[in-house]
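Participant: Line by line, the protein sequences are chains A and B. According to the working numbering, the residues represented by the first sequence are 374 to 655, in order. According to the working numbering, the residues represented by the second sequence are 374 to 655, in order.
Wrong hints could be hidden among the right ones.
If chains are identical, the list can't say which one is meant, so a pair holds when it fits in one copy or spans any two.
[Claimed, not checked] In silico DSS-like pairs for lysine-lysine, Cα to Cα no more than 30 angstroms straight-line:
no., residue 1, residue 2
1, K538, K609
2, K625, K538
3, K644, K601
4, K538, K476
5, K608, K549
6, K549, K644
7, K477, K538
8, K581, K653
9, K581, K549
No wet-lab data here; the hints were simulated from the structure.
So the chains spell out like this:
2 protein chains.
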Amino acid sequence: MTQSANNKIEINVAYLGPAGTYSQLAAMEFFGSDVGLVDCSTIDDVFSAVETAQTTHGIVPVENSTEGAINNTQDCLVDCSAKIIGEQIVSIEHSLLAQSGTKKSDIRRIASHKQSLAQCRNYLSANFPQVEQLECSSNAEAAILAQSDANTAAIASGFAATIYKLHCLEDHIQDKSNNRTRFLVLSLGETEATGEDKTSILVYTENKPGALFRVLEPFEKYQLSLTKIETRPSKKEAWEYVFFIDFEGHAKDRITMELFDVLKVCGAEVKLLGSYPASKLV
Amino acid sequence: MTQSANNKIEINVAYLGPAGTYSQLAAMEFFGSDVGLVDCSTIDDVFSAVETAQTTHGIVPVENSTEGAINNTQDCLVDCSAKIIGEQIVSIEHSLLAQSGTKKSDIRRIASHKQSLAQCRNYLSANFPQVEQLECSSNAEAAILAQSDANTAAIASGFAATIYKLHCLEDHIQDKSNNRTRFLVLSLGETEATGEDKTSILVYTENKPGALFRVLEPFEKYQLSLTKIETRPSKKEAWEYVFFIDFEGHAKDRITMELFDVLKVCGAEVKLLGSYPASKLV
């Protein structure tokens, strides 16, 4: 973390690049445009940039409202030494982008990430049934392709259109509206309670019948509202699981500290991933 | 379902092809070699072959002990009209395969599915640091490539080696031992209780605090042992979830029928995915 002459802490944020991804959009929506941005090529690299203090913050996608959890991010959280200090929800709004001057009838190829092509399946089969589809590693990569070829269109965000100076041929082309992705903001620092917080924890239970029930029982007892529970393989033993749990409250609340004590008595191992102000958009 | 002259019901099984995949191996381990096999190009196609009675059975991967749930299969189960009638656990044992006569020093390219390349990352960097890696849509596709090119090796199972008449240069090359995949067997029929059964259900809960706890409470009350719980987006509303629950018991057991009644009273909607003999290997 670097400090400038006027003693203001400079913020720089690692995100999953290249420029123009929904991850960069999430970073700008969370931090505003007045921060440094560092693009990384993998989610693992974003975690490592934060953990080694190359950047003050990182932002990673954790869940899509249609596609579900992003396993890579969850697996990184298991061993992560940084904390979650915020969340940001971004609306996934796909547009059809091309060079200025390109008309729909000029398009010979439509490039995008596999998931985005799938999310626009109905639109594409109704409007471009004969046009070749090209899978790219990200929507931003697709926008870069469209930038260099007048016959290639990209499916990407309006934000990518701005970054790559592309023309928007059509907006809102995804089959389902209300498709959103939730991002986590990471940092080596911690947050103070605001009164409207959320806490994310990892729970390892004994591999015994009723173990999950005994983990959930204290949440009910303390009336702590679970907003989310996810299962992942523990990576220790085959068919052993770890639970990702989000609930309303801050780790420094008295009631949360009591909860952690009770969970320990139940034989559960708890790792605090972070407490942070809950997004109003969830 | 077709019946032959001697009145024996002919079994044919849809699986995720091409020939030589772990899915085919799972089908043969479950049914033996005396059944018809129909290779499909996607998991969706396997479901649809069973639902439209093109085949009597289907087999689909549902979970890997290291990588976790296979979302595509879970999403298909949500709308599926067929039932789960069995499960099969297959050990994932990768080998390095090439044409007979090819030595390790001849290898210029190693082909496999992305996940298999990742599972052999340590082996590859220790033994083939300079060799090009080629991602294929399946390990069986990689074996087909190796069959036609003496300088290409494939990472695939010993089973694929037999199918494609390839030579095994080295066995057990995956970084983690004890890597297994669980497959589900689908059919339009149903199974009778054997006394050692497992039941899979889908549960939609109200989007209210404590909803998951209230779903798990009756399992505890009836001492029904949960073997598994997974969360997926409901696809109806953003941030609404559906739970995949496996537990010990059969849907026709009196106690299970009581459980379903109690869940209904709690406001949960339950879809029975199937009851089937539990694999000894889990």
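Participant: Give a verdict on every hint.
Facilitator: Taking the hints in turn, this is what the structure says about them:
1. Proximity of K538 and K609 under a CA criterion of 30 angstroms is satisfied in neither setting, with 48 angstroms inside one chain copy and 35 angstroms between copies.
2. Within a single copy, K625 and K538 get their C-alpha atoms no closer than 46 angstroms, and across copies no closer than 62 angstroms, so neither meets the 30 angstroms cut-off.
3. Proximity of K644 and K601 under a CA criterion of 30 angstroms is satisfied in both settings, with 16 angstroms inside one chain copy and 21 angstroms between copies.
4. For the identical chains of this complex, K538 and K476 are intra-copy neighbours only, at 16 angstroms inside a copy versus 51 angstroms across copies, given an alpha-carbon limit of 30 angstroms.
5. Proximity of K608 and K549 under a CA criterion of 30 angstroms is satisfied inter-copy only: 10 angstroms between copies versus 35 angstroms inside one chain copy.
6. Only between protomers do K549 and K644 lie at most 30 angstroms apart by alpha-carbon distance; the minimum there is 24 angstroms, versus 36 angstroms within a single protomer.
7. Taking the shortest Cα distances, K477 and K538 sit within 30 angstroms of each other inside one copy (17 angstroms), while across copies they are farther apart (49 angstroms).
8. Proximity of K581 and K653 under a CA criterion of 30 angstroms is satisfied inter-copy only: 17 angstroms between copies versus 37 angstroms inside one chain copy.
9. Within a single copy, K581 and K549 get their C-alpha atoms only as close as 40 angstroms, which misses the 30 angstroms cut-off; across copies the closest is 24 angstroms, which meets it.
In this structure, the hints that do not hold are numbers 1, 2, in rising order.
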